[in-house]
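Enquirer: Listed here are the chains, written in short residue letters.
Number of protein chains: 2
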Amino acid sequence: MRLSLLVLLMSLLFASLGVAEPSAQLNLMPMPATVRTGSGQLLIDSSFSVGISGSSDGRLHRSVERFLADLRRQLAMPPQSMKVVDTSQAVLAVHADRASKEVQELGEDESYTLEVSSSQAQLNARTTLGVMRGLQTFLLLVQTTPTGFAVPSVVIRDKPRFPWRGLMIDVSRHFIPIEVLKRNLDGMAAVKLNVFHWHLSDDQGFRVESKKFPKLQEMGSDGLFYTQEEVHDLITYAADRGIRVVPEFDVPGHSTAWFVGYPELASGPGPYQIERRWGVFNPAMDPTQERTYKFLDEFISEIAKLFPDRYFHIGGDEVNGKQWEANPKIQEFMNAHGLKTNQDLQTYFNTRIHRIVSKHGKIMIGWDEVLSPDLPKDTVVQSWRGQASLAQAAKQGYHGLLSAGYYLDLMWPASQHYAVDPMSDAAASLAAASLTEDEKQRILGGEACMWSEYVSPDSIDSRIWPRMAAVAERLWSPQNVTDVKSMHERLDQTGHALEWLGLTHNASYAPMLRRIAGGDDSSALRVLADVAEPVKDYTREEIATVPATSLTPLNRLVDAVRPESATARHFGEMVDALLSGRADNSTRERTRTLLTRWRDNQAKLQPLAERAFLLKEVVLLSQNLSELGATGLEALDYLDRGTPTPDSWKVERLAVIDQAEKPQAQLLLTITSSVRKLVQASAGRTASPQAK
Amino acid sequence: MRLSLLVLLMSLLFASLGVAEPSAQLNLMPMPATVRTGSGQLLIDSSFSVGISGSSDGRLHRSVERFLADLRRQLAMPPQSMKVVDTSQAVLAVHADRASKEVQELGEDESYTLEVSSSQAQLNARTTLGVMRGLQTFLLLVQTTPTGFAVPSVVIRDKPRFPWRGLMIDVSRHFIPIEVLKRNLDGMAAVKLNVFHWHLSDDQGFRVESKKFPKLQEMGSDGLFYTQEEVHDLITYAADRGIRVVPEFDVPGHSTAWFVGYPELASGPGPYQIERRWGVFNPAMDPTQERTYKFLDEFISEIAKLFPDRYFHIGGDEVNGKQWEANPKIQEFMNAHGLKTNQDLQTYFNTRIHRIVSKHGKIMIGWDEVLSPDLPKDTVVQSWRGQASLAQAAKQGYHGLLSAGYYLDLMWPASQHYAVDPMSDAAASLAAASLTEDEKQRILGGEACMWSEYVSPDSIDSRIWPRMAAVAERLWSPQNVTDVKSMHERLDQTGHALEWLGLTHNASYAPMLRRIAGGDDSSALRVLADVAEPVKDYTREEIATVPATSLTPLNRLVDAVRPESATARHFGEMVDALLSGRADNSTRERTRTLLTRWRDNQAKLQPLAERAFLLKEVVLLSQNLSELGATGLEALDYLDRGTPTPDSWKVERLAVIDQAEKPQAQLLLTITSSVRKLVQASAGRTASPQAK
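Which chain is which? The protein sequence lines are A and B, in order. For the first sequence, position 25 (counting from the first letter as 1) is numbered 25 according to the working numbering, and the numbering increases by one without interruption. For the second sequence, position 673 (counting from the first letter as 1) is numbered 673 according to the working numbering, and the numbering increases by one without interruption.
Source of the hints: derived by calculation from the structure; they are not laboratory data. Predicted, not measured: the structure shown is a model, and the values here were computed from it. Even for Gly, the Cβ is constructed at its ideal location relative to N, Cα and C. A hint or two may mislead.
Taking lysine to any residue and the SDA-like style, the derived pairs with C-alpha atoms no more than 20 Å apart in a straight line are [claimed, not checked]:
hint	chain 1	residue 1	chain 2	residue 2
1	A	LYS83	B	THR552
2	A	LYS83	B	PRO457
3	A	LYS83	B	SER372
4	B	LYS662	B	THR552
5	B	LYS83	A	TYR293
6	B	LYS83	A	ILE274
7	B	LYS182	A	ILE274
8	B	LYS395	B	PRO413
9	B	LYS83	A	PRO553
10	B	LYS377	B	LEU106
11	A	LYS212	A	TYR293
12	A	LYS83	B	PRO553
13	A	LYS677	A	THR567
14	B	LYS485	A	ASP520
15	A	LYS616	B	THR552
One side of the interface only, derived from the structure: several residues of chain A facing chain B at Cβ under 8 Å [what the hints assert, rightly or not]:
hint	residue
16	SER46
17	SER49
18	LEU75
19	MET77
20	PRO78
21	PRO79
22	ARG161
23	PHE175
24	LEU224
25	THR227
26	GLN228
27	PRO511
28	ARG514
29	GLY581
30	ALA612
31	LEU614
Could you put the whole structure together from the sequences, leaning on the hints where they help?
Expert: What follows is the structure, encoded as structure tokens:
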């Protein structure tokens with residue numbers, strides 16, 4: 001009797017959640033490796049305090065102070081409250097066995113244990129990095145409850161699945177100011193990412209000050225570059241957040257901006273200008289001249305000191321070889337050295353540059369294309385092609401990172417990125433399945449990529465967040481954390497929590513819409529914008545009537561709307577519930593309200609569009625939305641009445657839907673598929689499952 | 001015939017607007033002295049450029065570069081576009097006859113002329129300051145049109161009515177970080193304000209680093225102070241925007257924070273602690289000891305160098321004299337020197353401190369209370385008591401500033417501040433009317449005051465903006481610019497334009513509501529918040545059950561809602577239109593929609609309130625809103641049916657309205673008066689003027 005009571009108490013106290021069944025209550029992202037919730041909660045008020053024991057390096061102290069500042073801001077506590085105190089009096093006791101490395105290394109221990117009871121909390125980690133990760137978990141655990149702000153009783157044991165969890169930002173195609181990068185580093189730290197991959201040069205701009213070769217930034221950047229002091233400051237900022245900074249200087253292609261100041265590096269005759277267009281261009285470094293390697297040696301010598309991280313990214317992607325083919329001297333060199341293809345020539349270049357990078361103490365990374373039989377085995381391959389390519393590299397002895405499937409500029413919904421796992425994929429399953437444990441270890445993790453053809457400082461946050469958090473979970477959490485519904489719920493919450501860091505993914509929406517609508521009330525535009533998404537993949541480029549350049553203003557509706565429409569997603573869920581008979585009256589009512597609003601919106605938007613030039617291009621989209629609203633309502637009427645729809649009606653309505661499915665002004669109405677379901681259902685059945 | 005055609009053409013070309021009839025088209029705030037609109041417009045695209053001729057000081061160049069950056073951000077133009085070019089090729093030609101003074105002085109010329117045609121624009125000014133003001137006008141003129149962004153053809157001749165147009169921010173009661181001050185300086189520049197009055201010390205904190213007396217900040221600030229380097233940086237930032245920085249160190253009262261480190265300055269025995277409460281407290285400097293003046297002499301010597309402005313504010317307000325009365329030595333001193341009252345003793349102190357301030361090259365400012373017969377005539381009096389007090393000071397030969405009527409912390413609607421004129425007021429009309437021209441010249445202008453008992457860095461922008469712009473217009477524009485409807489329209493637009501500067505008055509609203517609602521959908525809370533306003537004047541303090549302190553979290557609904565509810569204002573306009581027979585069907589429909597939403601909102605809010613502690617206190621408010629919605633709908637029904645309301649119904653409903661008028665959780669439902677009008681009308685008439 002006593003025993004069973006104890007068991008009962010224990011099971012009340014700690015309901016094990018396991019990893020595959022995360023608690024809907026806990027807004028944690030990424031989901032920790034193990035979470036066990038207890039009963040009771042720790043109230044968080046202005047008397048909250050932190051004590052520090054064990055290792056006590058400056059970085060740890062700054063992390064705790066930053067954590068307290070974040071907590072104060074989130075809860076609106078005064079700056080005089082929530083202090084670091086002696087451990088014996090602390091509400092949260094923090095302990096790290098040792099400081100993490102001065103220059104953060106790949107694979108350092110990031111694990112931590114967080115135990116919260118109703119009276120106190122304990123965060124233990126092996127290193128400072130583990131403390132940083134645990135503090136972020138604690139922040140996300142703070143909830144509003146009936147009695148106050150509180151953290152639920154919980155035991156969390158956590159560690160990352162992959163040691164390399166990154167975000168790449170391309171600052172070449174559009175320059176991104178330091179303060180924008182800093183707030184994104186704050187966001188990265190919040191979701192436990194640990195690598196900022198800085199794509200610093202490309203055809204459209206060379207973005208770092210070189211003191212040895214000043215014409216790089218003076219002539220190759222339009223004055224839009226980071227000083228070495230700013231770079232140093234950003235690296236320190238990142239290091240304080242447990243984030244490594246890996247620079248990329250893309251060679252031998254994607255390098256037009258270098259040639260504006262130093263045309264002698266190129267394989268074709270100059271002069272060169274900064275490239276304004278998007279795409280793959282001909283200019284490439286001349287791999288056959290010694291002066292190229294001398295230049296790169298001196299350049300990397302300078303830059304290797306500026307960036308303390310062990311890894312150095314040389315790009316290496318998308319060389320079309322046209323300048324090589326057109327240059328007789330290069331062709332002669334290839335013949336003389338038995339280099340049969342452009343790929344052979346690039347391998348020669350890679351081998352040379354690998355030697356330079358190694359000489360300066362760095363490990364080389366390159367995109368997929370660098371992979372060739374002669375490539376030294378310590379090179380890391382970053383795959384934009386897919387898991388098969390990655391598995392193949394691992395089999396050959398290379399370390400690898402996955403970026404295919406994590407391109408944020410392709411405007412995929414979060415769930416699509418979330419489904420991509422570095423270790424598995426239909427196409428790669430054969431390769432991955434046959435990897436040995438050692439080979440699997442070579443897959444270091446992944447990086448989301450924010451290529452910047454269509455992002456500005458105004459919009460970049462909304463392209464990265466909150467979807468980045470879904471990728472961060474894929475790279476941190478156990479492989480079996482795959483519940484999409486749970487992910488969506490937590491992502492919405494995480495997105496809001498990230499706003500306290502100054503990220504503008506939500507705040508910039510209304511001003512951008514008002515810019516389009518002009519001085520007028522923009523509510524009709526908002527109704528349209530809420531269900532519109534940018535076209536996916538590379539469609540924006542493919543269907544552009546006038547190709548965009550780096551000088552094109554990014555002030556269209558396609559630049560303001562979110563990559564994924566929450567309204568459309570929720571509408572889809574409502575329609576699914578309705579058609580499967582699970583919908584309650586409130587859902588039925590809300591479905592009608594939305595459809596009615598869409599139907600009637602065009603009448604409100606039209607007068608605005610006559611006054612505001614940026615609205616003209618979305619009138620057709622708005623008309624389509626209106627048609628979809630009307631169609632959905634008619635379908636609901638048929639379903640409710642239980643009368644079969646006339647065939648002519650169905651044919652006509654499906655044609656309308658087909659029309660509405662086409663992009664307009666680079667935008668998609670992502671409610672279209674749900675309205676199609678309604679039409680199909682109303683035609684396919686004679687009565688609604690819910691009809692009264 | 002020819003002549004009349006010419007006259008006709010001229011009148012088409014330039015329709016004189018005059019000052020009393022501002023164009024609804026032009027979103028200018030403050031309204032310029034004269035505006036003449038023409039026909040046509042100047043398109044603003046990425047080829048826009050500025051040329052500079054005449055004086056060409058660094059401050060002017062930086063102003064132009066900042067103007068271009070603001071313009072690019074507002075229109076989403078790339079950073080490579082919109083450059084400074086040779087004047088001969090410029091779209092906007094800027095000319096200043098001379099640089100403004102290195103240290104900006106009171107009364108420097110700020111006038112400018114802006115002429116815009118369909119092909120180019122010309123901005124002429126006597127000084128750099130005039131150029132800064134004109135560039136802000138140009139920014140506000142940029143509109144969205146059917147053909148692109150454009151500035152309408154216009155001739156503007158503009159100059160300020162008053163030379164002193166300020167904003168005071170109290171950083172003592174709540175510390176406001178430098179970056180928050182900077183974005184507010186940007187906002188000030190946008191509405192042509194020219195004085196930032198920095199209230200740097202008070203009972204609750206001493207906020208500037210003193211190197212001579214470091215215990216001031218070390219013991220008197222909780223570590224929340226500005227370094228001298230930060231102060232210097234902020235002054236430079238302000239100077240670049242044509243804003244003077246006037247420091248205030250409040251003495252001899254409001255000075256508890258000084259005494260924590262230097263108790264020997266006080267009139268009573270120590271020790272002292274930083275004051276956490278709000279109000280008027282006993283501690284005051286000892287005016288009878290020479291060491292007090294020696295300290296102040298050395299302190300002002302140091303601080304006078306840090307702040308280059310000619311003016312120095314010594315506070316001087318609200319000394320309750322209790323420490324003086326309790327100190328026998330002070331009483332003895334008063335007897336010995338024939339000082340009969342505490343006021344006499346303070347006058348003695350003021351005379352001494354005036355001598356010190358003058359010795360260090362500064363002109364002294366003080367609040368109303370410093371005014372006494374012996375006060376030297378070069379003192380400036382800042383009036384928190386009203387225009388009568390100000391006129392009296394002017395008559396006595398003092399210069400004066402009005403702040404009464406401009407206290408932003410009292411949560412008045414913009415129109416109430418807007419109605420306050422430094423030169424006229426019912427109570428002061430006699431005094432003002434009898435002022436000579438010379439005496440009128442002594443009224444230098446005014447300052448809005450942001451006392452910070454109830455503002456944090458999160459909320460301060462929403463307490464200052466956009467209402468500050470209405471005060472700015474009062475101080476800049478001609479006295480007869482008083483059309484409240486026009487002001488409201490332009491204020492809404494100006495408020496949105498200010499968002500591009502990084503001000504968070506709109507952006508912080510949703511996150512603050514979500515903090516209150518917790519993780520749940522906060523839309524029901526938003527419906528309530530949209531019609532709630534904080535209680536006015538000092539009611540928050542008067543009706544508090546537990547007095548607030550500087551340690552009280554500012555996370556309640558009263559901290560999140562706006563000082564003035566736009567929804568309530570628009571609802572009031574709709575009800576007025578309805579009851580006067582001017583309402584169209586759409587207005588009638590929207591009125592019903594709003595009332596229905598309010599009636600039904602309590603059912604949605606109640607479940608949230610059960611889960612979120614910060615919501616519990618607003619349940620009664622929400623119930624009242626629900627009752628008001630139901631009452632309004634019933635009144636509309638009676639009006640529409642044309643049946644007289646039963647007396648019992650009217651009595652009962654008016655009691656409900658009386659109840660709803662009382663503050664709940666420090667909040668008011670400002671729709672109450674409009675609902676009362678509906679009830680009165682439905683009882684007073686037998687048929688609606690619009691009933692079909």
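Enquirer: Decide, hint by hint, whether the structure agrees.
Expert: Evaluation of the provided hints:
Our distance criterion of 20 Å between C-alpha atoms is met by LYS83(A) and THR552(B), whose separation comes to about 16 Å. Among the hinted pairs, LYS83(A) with PRO457(B) is consistent with the structure: their alpha-carbon atoms are about 19 Å apart, no more than 20 Å. For a cut-off of 20 Å, the pair hint linking LYS83(A) to SER372(B) is broken: about 47 Å separates their Cα positions. Taking the CA atoms of LYS662(B) and THR552(B), the gap is about 24 Å. The hint is violated against a cut of 20 Å.
For the hint pairing LYS83(B) with TYR293(A), the CA-to-CA distance comes to about 37 Å; that exceeds 20 Å, so the pair is violated. At most 20 Å may separate the alpha-carbon atoms for a hinted pair to count; LYS83(B) and ILE274(A) meet this at roughly 18 Å. Restraint check for LYS182(B) and ILE274(A): not satisfied, since their Cα atoms lie roughly 35 Å apart, outside the 20 Å limit. For the suggested pair LYS395(B) and PRO413(B), the alpha carbons sit about 32 Å apart, so the restraint of at most 20 Å is broken.
Using a Cα cut-off of 20 Å, the hinted pair LYS83(B) and PRO553(A) holds, with the two alpha carbons roughly 15 Å apart. Taken as a hint, the LYS377(B) and LEU106(B) pair is honoured in the structure, with Cα atoms around 17 Å apart against an allowance of 20 Å. With a CA separation close to 15 Å, the supplied pair LYS212(A) and TYR293(A) stays within the 20 Å bound. Between the alpha carbons of LYS83(A) and PRO553(B) the distance comes to roughly 15 Å, so the proposed pair stays at or under 20 Å and holds.
Between the alpha carbons of LYS677(A) and THR567(A) the distance comes to roughly 17 Å, so the proposed pair stays at or under 20 Å and holds. For the proposed pair LYS485(B) and ASP520(A), the alpha carbon gap of about 16 Å is at most 20 Å, so the pair holds. As the CA atoms of LYS616(A) and THR552(B) are separated by approximately 50 Å, the hinted pair breaks the 20 Å bound. Of the supplied interface hints, the one on SER46(A) holds, with its beta-carbon coming within about 6 Å of a beta-carbon of chain B, less than 8 Å.
Of the supplied interface hints, the one on SER49(A) is violated, with its beta-carbon coming no nearer than about 14 Å to a beta-carbon of chain B, more than 8 Å. With its C-beta approaching chain B no nearer than about 6 Å, LEU75(A) sits inside the 8 Å limit, and its interface hint holds. With 8 Å as the threshold, the beta carbon of MET77(A) comes within range of chain B, its nearest partner Cβ sitting at about 5 Å, so the hint holds. Among the interface hints, the one on PRO78(A) holds; its C-beta lies about 5 Å from the nearest C-beta in chain B, closer than the 8 Å criterion.
A hinted interface residue such as PRO79(A) counts as satisfied when its beta carbon comes closer than 8 Å to some beta carbon of chain B; here the least separation is about 6 Å, so the hint holds. Against a cut-off of 8 Å between C-beta atoms, the interface hint on ARG161(A) is violated, since the closest Cβ of chain B lies about 26 Å away. At about 6 Å, the closest approach between the beta carbon of PHE175(A) and any beta carbon in chain B falls short of 8 Å, and the interface hint on this residue holds. Using the Cβ-Cβ criterion of 8 Å, the hint placing LEU224(A) at the interface with chain B is satisfied: the shortest such distance is roughly 6 Å.
Hint status for THR227(A) relative to chain B: violated, with the closest Cβ pair at about 16 Å, above 8 Å. With 8 Å as the threshold, the beta carbon of GLN228(A) stays out of range of chain B, its nearest partner Cβ sitting at about 21 Å, so the hint is violated. Against a cut-off of 8 Å between C-beta atoms, the interface hint on PRO511(A) holds, since the closest Cβ of chain B lies about 5 Å away. With 8 Å as the threshold, the beta carbon of ARG514(A) comes within range of chain B, its nearest partner Cβ sitting at about 6 Å, so the hint holds.
Against a cut-off of 8 Å between C-beta atoms, the interface hint on GLY581(A) is violated, since the closest Cβ of chain B lies about 25 Å away. About 5 Å separates the beta-carbon of ALA612(A) from the nearest beta-carbon of chain B, less than 8 Å, and the hint is met. Interface hint status for LEU614(A): upheld, as the beta-carbon distance to the closest one in chain B is roughly 7 Å, under 8 Å.
Against the hints set out earlier in the document, violations occur for numbers 3, 4, 5, 7, 8, 15, 17, 22, 25, 26 and 29.
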